[in-house]
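In order, the protein sequence lines correspond to chains A and B. The numbers in this note's numbering rise by one with no breaks, and the one at position 105 of the first sequence is 105. The numbers in this note's numbering rise by one with no breaks, and the one at position 251 of the second sequence is 251.
Derived by calculation from the structure, the hints in this document are not laboratory data. It should be emphasised that the depicted structure is a prediction, and the values quoted were computed from it without experimental measurement. Positions of the beta carbon are idealized from the N, C-alpha and C atoms, including for glycine. It is possible that part of the hints are untrue.
As the list claims (entries may be wrong) - Cross-link-like lysine to any residue pairs, in silico, SDA-like; alpha carbons within 25 Å at most:
| id | chain 1 | residue 1 | chain 2 | residue 2 |
| --- | --- | --- | --- | --- |
| 1 | B | Lys30 | B | Ala15 |
| 2 | A | Lys168 | B | Trp268 |
| 3 | A | Lys7 | B | Ala182 |
| 4 | B | Lys30 | A | Gly87 |
| 5 | A | Lys7 | A | Ile300 |
| 6 | A | Lys49 | A | Gly87 |
| 7 | B | Lys30 | A | Asn128 |
| 8 | A | Lys7 | B | Ala15 |
Said to hold, decoys possible - For each label pair, taking beta carbons as the anchor points, the in silico distance ranges come out as:
| id | chain 1 | residue 1 | chain 2 | residue 2 | range |
| --- | --- | --- | --- | --- | --- |
| 9 | A | Ser188 | B | Leu57 | 15 to 23 Å |
| 10 | A | Gln218 | B | Ile53 | 40 to 48 Å |
| 11 | A | Phe161 | B | Asp131 | 54 to 62 Å |
| 12 | A | Leu29 | B | Gly87 | 34 to 42 Å |
| 13 | B | Glu246 | A | Leu95 | 45 to 53 Å |
| 14 | B | Thr264 | A | Leu95 | 35 to 43 Å |
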Amino acid sequence: MLSYVIKRVLLVIPTLLGAAALVFVLMRLIPGDVCVVRLGSSGGTFDPKAIALCHAELGMDRPVLIQFLDFVWGCMRLDFGTSMWSGRPVTTEILARLPISLEIAILATLVAIVIAIPLGAISAVMQNTWIDHVVRIFAVGGIATPSFWLGIMSILFVLNFTSAVFGKPWMPPIEYVPIWEDPIHNLSMAMLPAITVGYRYAAVSMRMTRSAMLEVMQEDYIRTARAKGLIRKLIINRHALKNALLPVVTLIGIEFAFLIGGLVVTEQVFNLNGVGRLFVQAVQNQDYTLTQGLVMLTVIIFVVCNLIVDLLYAWLDPRIRYS
Amino acid sequence: MVSNIKTAGFSPAGADEMAARATRTRRVLKFCRRELLGTFGLLLVLLIAITGIFAELLAPYSPTANDFGAMMEAPSAAHPLGTDQFGRDLLSRIIFGARTAMIVGLTSALLGGVAGLVLGVGSAYFGGMADLITQRVCDVVMAFPLIIMALAVVAIFGTGVQNVIIAITIPLIPRCARVVRASALSIRELPYVDAARALGYSHTRIILLHMVPNVMAPFLIMVTAFVGQAVLAEASLSYLGLGVQEPVPAWGLMLQGGTEEYATTAPWIAIFPGVAIVLAVLGISLFGDALRDTLDPKLRKQ
């Protein structure tokens with residue numbers, strides 16, 4: 001197990017280095033001079049001195065290799081420079097917005113797990129009955145519905161429902177308050193986004209649970225268990241579901257990183273000041289250092305999630321670490 | 001048609017062609033009978049494609065024409081789906097939006113798919129260092145969630161239809177290359193590839209004529225899924241204001257801005273474009289699932 005862990009952890013390094021290189025190159029593909037864009041947006045004239053100063057400030061007057069090594073060293077210390085737009089450190093900007101995004105991501109994962117695993121398992125056990133069909137339609141719907149539109153529809157529903165029932169339209173609050181300070185305020189803000197993001201997540205996981213479960217149900221040991229007269233409930237819960245959940249764990253872990261993508265759009269719908277919204281603002285404001293930092297952060301989260309999933313998988317399934 | 005039948009009756013080659021066509025028709029009919037949902041999906045996709053192609057003939061108004069006398073008007077006989085805040089007919093905009101969605105969806109999926117196909121088969125065929133490097137690069141690109149990568153590309157190249165296509169194509173390439181490579185690897189070990197090499201055929205010929213046709217099943221499954229993903233990604237980017245720009249009609253763009261404002265007064269502005277997106281992606285997903293089950297039962301679990 002230890003040699004597997006070491007091998008797997010070491011594999012992270014080339015991926016992260018490659019991602020850093022890709023981000024570094026991408027950000028230098030920007031047509032024109034970043035400093036011209038920066039000075040132009042503040043309405044200044046293009047004084048060559050000012051541009052040279054800006055280059056020096058961004059470290060762009062140094063050799064490219066040194067710039068890259070500096071960028072990698074910064075990434076390792078989670079220091080992505082200062083935002084070109086607000087002038088504050090990128091890390092500070094991100095940390096200020098992280099709690100709300102993290103909370104929605106975790107809630108969405110919970111929503112997904114609570115919906116996906118039971119429904120997926122029931123759907124597989126009752127294959128080709130009407131329950132199975134309903135669950136599958138629900139799952140395909142989750143994949144086809146863009147989360148931002150679902151968000152818009154939920155706002156529309158809440159607004160119209162509350163104004164019809166209470167005579168006054170109610171909107172979820174948009175200001176973040178930590179859950180330990182005011183749980184009702186916090187949850188009423190995070191609930192709708194979590195459900196809209198979680199539905200899609202649940203749909204993907206549900207399909208995975210169903211197909212994994214169907215496959216496991218055809219294994220010999222399930223037939224043996226059935227042949228020796230074990231109760232159906234025990235076979236499903238103890239023998240089948242436990243083994244079917246392995247690929248689902250992988251999927252949930254990997255999708256967690258992809259939630260960030262979902263949050264980018266959902267936070268816009270609900271006017272939430274999270275990391276996803278920050279990303280959109282960074283792109284809109286042509287804030288390259290902030291964009292660069294956010295992209296790197298996403299990749300780091302993704303790679304770490306993948307690592308955790310692989311290690312978890314090896315721990316759960318001995319076949320992996322011995323192969 | 002008449003001459004076709006004549007030649008078919010006399011030459012064995014024509015007869016083969018006829019027989020092949022009959023088998024193909026029979027296969028399509030079998031697919032339709034067995035995969036009812038898939039056929040429904042295919043019909044939906046065809047409907048949207050036809051709508052997009054004949055948008056000029058089908059749309060009652062110009063998608064950009066403002067009628068300031070009829071702003072935010074509820075659905076009526078004159079405007080079946082109502083009008084938006086600028087007095088533009090929603091139905092016409094949705095019909096023209098189908099064209100944008102199909103252009104972006106199909107182009108990105110095909111470009112990304114074909115580039116992935118070439119990379120995947122080439123990587124598997126040549127093996128060694130080339131394979132290793134390609135796979136590492138794919139790993140790196142796949143570490144970026146699709147929408148994040150697309151946003152980063154938009155940040156560099158700017159918005160607009162063309163840049164949106166580039167932004168969506170790039171993250172699709174490694175996803176296709178990965179899957180294609182896996183099946184190409186097993187084909188590479190088959191004796192006929194060795195035989196082709198022993199006969200002195202060129203690499204290009206072996207790859208194009210002997211390997212590519214045999215990875216078509218996973219390739220087609222991937223490309224179909226890509227169309228759905230690309231349509232969703234385009235809608236998301238346009239919704240964020242970082243995709244297709246006004247005045248080009250796009251479904252995501254139509255949902256942008258002031259939802260809460262219109263939620264109670266003009267909900268149709270927020271409802272109908274979303275329904276169009278859902279129908280399009282639903283159709284592609286249903287068809288894709290059926291195609292997967294038909295072409296490759298082994299891939300069913302993925």
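Here's how the hints hold up against the structure:
{"no.": "1", "hint": "B:Lys30 / B:Ala15", "verdict": "holds (22 Å)"}
{"no.": "2", "hint": "A:Lys168 / B:Trp268", "verdict": "holds (21 Å)"}
{"no.": "3", "hint": "A:Lys7 / B:Ala182", "verdict": "holds (23 Å)"}
{"no.": "4", "hint": "B:Lys30 / A:Gly87", "verdict": "violated (64 Å)"}
{"no.": "5", "hint": "A:Lys7 / A:Ile300", "verdict": "holds (18 Å)"}
{"no.": "6", "hint": "A:Lys49 / A:Gly87", "verdict": "holds (20 Å)"}
{"no.": "7", "hint": "B:Lys30 / A:Asn128", "verdict": "holds (20 Å)"}
{"no.": "8", "hint": "A:Lys7 / B:Ala15", "verdict": "violated (60 Å)"}
{"no.": "9", "hint": "A:Ser188 / B:Leu57: 15 to 23 Å", "verdict": "violated (49 Å)"}
{"no.": "10", "hint": "A:Gln218 / B:Ile53: 40 to 48 Å", "verdict": "holds (45 Å)"}
{"no.": "11", "hint": "A:Phe161 / B:Asp131: 54 to 62 Å", "verdict": "holds (57 Å)"}
{"no.": "12", "hint": "A:Leu29 / B:Gly87: 34 to 42 Å", "verdict": "holds (41 Å)"}
{"no.": "13", "hint": "B:Glu246 / A:Leu95: 45 to 53 Å", "verdict": "violated (35 Å)"}
{"no.": "14", "hint": "B:Thr264 / A:Leu95: 35 to 43 Å", "verdict": "holds (37 Å)"}
Consistency note: the structure conflicts with the earlier hints numbered 4, 8, 9, 13.
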